[in-house]
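From just these sequences and the hints, can you work out the full model?
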Amino acid sequence: MSLVPYLLAYAGIAVFVIAVVARIRMYSSMPMHLRWELYPVPHEKSRAAHGGSYLEEVEWWTKPREVSKLAEAKAMATEIGFLEALHKHNRPLWWSSFPFHFGLYLSIAATVLMIAGGVLSRVAGGLMASSLGSVWRAGMVFTGVLGSALVIIGAVGLLKKRLSDPDLADFTTPADIFNLAFFVVAFGCAFATFVLFDRDFALASRFVGNLVTFNLQPVAGGGAGVMLGLSVSLLAGLVGYIPLTHMSHFVGKYFAYHSVRWGDEPNLKGGPHEPAIVANLMQKVTWAGSHIQSEGQKNWVEIATMDYKQYGGGEKK
Amino acid sequence: MKTSPSIHDLPRPGDVSVSHLDLQDQEPLPPPFDKIDQEPGIKPLSQAAREKYVNLDDTIAVNIPKPKTQEEKDRLVQGFISGMRKLFNAGDNWTFLQPLVLSMEHCARCQTCSDSCHIYTESGKNPLYRPTYRSEIFRRLYFKHVKGSSGGRGDIELTWEGVVKLIELSYRCNLCRRCAQTCPIGVDNGLIAREIRKVASQELGIRPRELHEDGSMLQQKVGSSTGMSSIVVKDNMDFIDEDMTEKTGMTLKTPWDVEGADVLLMHNAGEILAWPENPGAFGLLMEAAGISWTLSSELAAYDSINYGLFYDDVQYARTLIKHISAAKKLKVKKIVMGECGHAHKGMCVISDRILQGDLNVPRESWLPFMADLVKQGRFKFDKSRNDFPVTLHDPCNITRLMGIVQPQRDIMRAVVPEHRFREMTPHGVNNYCCGGGSGFAIIGGHNFPEWRFHATGRKKMRQILNAFQGEPMDKEHPKYVCAPCSNCKGQIRDMLKYYDAWEKAGINYGGLVELMVNALVGAKPGFIDWEWH
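As given, the protein sequences belong to chains A and B, one line each in that order.
Quick note: the first sequence, position 227, residue 228 per this note's numbering, numbers continuous.
Quick note: the second sequence, position 224, residue 239 per this note's numbering, numbers continuous.
Bear in mind the hints are in silico, worked out from the structure with no lab data behind them.
It is possible that some hints are incorrect.
Which residues of chain B face chain A? A partial, calculated answer using Cβ under 8 Å [claimed, not checked]:
no.	residue
1	T110
2	R333
3	I369
4	P383
Heads up, simulated DSS-like pairs for lysine-lysine below, C-alpha to C-alpha not over 27 Å straight-line [said to hold, decoys possible]:
no.	chain 1	residue 1	chain 2	residue 2
5	A	K46	B	K390
6	B	K349	A	K270
7	A	K161	B	K140
8	B	K344	A	K270
9	B	K162	A	K64
10	A	K299	B	K343
11	A	K64	B	K344
12	A	K89	B	K140
13	B	K101	A	K299
14	B	K344	A	K299
15	B	K346	A	K64
16	A	K161	A	K75
17	B	K101	A	K310
18	B	K348	A	K64
19	B	K343	A	K270
20	A	K270	B	K348
21	A	K285	B	K159
22	A	K310	B	K343
23	A	K310	B	K249
24	A	K89	B	K398
25	B	K474	A	K270
26	A	K162	B	K140
27	B	K390	A	K285
Negatives, chain B to chain A, calculated, CB over 12 Å [to be verified]:
no.	residue
28	S61
29	I246
30	P487
Note that the coordinates shown come from a computational prediction; the quantities given were computed from them, not determined experimentally.
In this text, a Cβ means the ideal position worked out from N, Cα and C, and glycines have one as well.
Quick look at the structure:
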């Protein structure tokens, strides 16, 4: 095992962080858009059950707005954890997509347990040497193995559907096939490493510990080293690749739900939205349609308040 | 013409349609219209239309003439690319930039949305009508021409035929956003259809005449898309006042331009011409409840429609400003929107991040307003006057897109005997579009209305018939479809007429205020006269 897996792991993590931050910044820096919510909106407290909103209340602007962040969190938890929308609206796909996503969550959990276990071993070695440490390690192996297996099962299922479902065929690109195949190969390699060389995750834990402490020593030689290095390299490539594709929907979904679907916060007179509204309305309009009559010079206020004679010509009924 | 077109068939050069709606692929309706071979068909598109206009699917909504010169063809392609780029420019499209980019970047193309679409499912699952068909083409064009790299998202050619057909295809979606409701990621194919319409209108000057020249432009010029000036609308309302007074025995004199009124009521002016009993019923209820209210005769303010909502942000903003300016001028306490779904959404929701300062006049739906008056006991109803089967259509703009679901049911409970009311399945925020949404109800060229009844309206027709199953299906047993939205009502009227559902099954339609006045103690019985109109 060489330095390469360490370097690839750092690179993968760095690309992931940079790409995710860039995407978050891209969405965050976009101008405030018009309201485009879609009901049901879960934070609408008791009204959420029938899909209602505060607009059901007469003179809603005179009344305190009741928002349940707990209900919103619950909706998020079931959507993220259980893929509720897919379960409800596309059950055949859910049978593959759910294990795939849940496997990813378990794999992330296993990685977190490895990192936390490494830290605890250093700061509380006695604790990790006790029975609690054994439980910890068993949990780590369980989540890691189950997670990898579920990712593989899910990705194979999704791949099969992509290749065989006529409804998907016209929309499937080579990149879709590559993406799923990449998951199968990367997690398949990791799973094989576990089966052949690392049943207790000792090598993987040591590698993660070294990675966190910048101690770039080989953790194994021979076949084990090759397999571990290959697994790490593939997983690192995957980590860096995901946010560069549509699979970055874990970022997009946050904005699609919170900013668009559930974005029902009203703009009250003198409220905090007004400066952003004014800034938007001052933007120049360059649309070329003959009825716009901006010629790239006028802002939204000017074209919206323009006299009809300036843009209407001689339309006749 | 293909029965199962690929996305690559759309931009293919040539003079043939990509696909079309085949009645033989459709599921029969419930009884008594369950014989598909006895249904009125879709008349073929005329030869003259085929020669003059680009043909997507053997019907036409937009009427885009075939370009005659290479220059015209190039203008279509270059204009479309230029317009697409502006969609992703914060200055030109701050209105929907973030929702659009989210829908471009993250679609997994899993087709979860397809089965939620009434058009796709009722077409016999013709791929052309998938919510994702036009979106996927547009998405590939976005990566190629806006981002500069397909990035593995798949390629697509951009031809002038593709531009024109994609624009026409953007008018095969009701913008009901039922597909967006089911998307696990939050991708919004309805929004994408609307954004394509915007490129066509705002950059290329292409849109259905009914929405633009005869719609928003006419409204901004003379005051209403019906063509009524303020003088004409006042005359018409005078007639309605007289008619309502005679019909109900309650005195009605519609107040105009009352400064400082509590409520500025805004109607879809189509009601005044097509269903005068609707604004009449509103007036009677306002007077019976003792409300300080007024209509406005200011330019555009006596017509709540805002067709820009369907195709053009600039036109939307222009009409909105006219509406709000009238309210500001009258110094009313609030604007209350009458029975018009898109006007509700346009005035109460979409406008919310445009209006600020003094222009931010409080605005609300008539539904909570009236439900509150009912709750306060301002009216006395005799439910037995509405002793006939009633079902309720939920306008998408009011329910799924505004979350107003219960007030109309509270009113319904107050005026209709419980055993006579039956919900459609599904209803509320999971409802299906009437089929007239996003302007379809007023687009009437060629054979488009027939296509509309078979493709976009068929699910609603199915729901209506299902709601009344178990009732005698004849004219001797009248049944009422309550559609508290002018566009929905127009679509349902046209569709019931198409199937001759009043004569053959006793199914009539109307608004909710009509049911209220029909049960109003103090008004002469028989407000709903069961005449087909």
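Results of checking the hints against the structure:
no.: 1; hint: T110; result: holds, 5 Å
no.: 2; hint: R333; result: holds, 5 Å
no.: 3; hint: I369; result: holds, 7 Å
no.: 4; hint: P383; result: holds, 4 Å
no.: 5; hint: K46/A / K390/B; result: holds, 22 Å
no.: 6; hint: K349/B / K270/A; result: holds, 13 Å
no.: 7; hint: K161/A / K140/B; result: holds, 22 Å
no.: 8; hint: K344/B / K270/A; result: holds, 17 Å
no.: 9; hint: K162/B / K64/A; result: violated, 45 Å
no.: 10; hint: K299/A / K343/B; result: holds, 24 Å
no.: 11; hint: K64/A / K344/B; result: holds, 26 Å
no.: 12; hint: K89/A / K140/B; result: holds, 20 Å
no.: 13; hint: K101/B / K299/A; result: holds, 15 Å
no.: 14; hint: K344/B / K299/A; result: holds, 25 Å
no.: 15; hint: K346/B / K64/A; result: holds, 22 Å
no.: 16; hint: K161/A / K75/A; result: violated, 32 Å
no.: 17; hint: K101/B / K310/A; result: holds, 26 Å
no.: 18; hint: K348/B / K64/A; result: holds, 16 Å
no.: 19; hint: K343/B / K270/A; result: holds, 14 Å
no.: 20; hint: K270/A / K348/B; result: holds, 14 Å
no.: 21; hint: K285/A / K159/B; result: holds, 26 Å
no.: 22; hint: K310/A / K343/B; result: holds, 23 Å
no.: 23; hint: K310/A / K249/B; result: holds, 25 Å
no.: 24; hint: K89/A / K398/B; result: violated, 39 Å
no.: 25; hint: K474/B / K270/A; result: violated, 41 Å
no.: 26; hint: K162/A / K140/B; result: holds, 19 Å
no.: 27; hint: K390/B / K285/A; result: violated, 48 Å
no.: 28; hint: S61; result: holds, 24 Å
no.: 29; hint: I246; result: holds, 16 Å
no.: 30; hint: P487; result: holds, 32 Å
Hints 9, 16, 24, 25 and 27, counting from the list given before, are not met by this structure.
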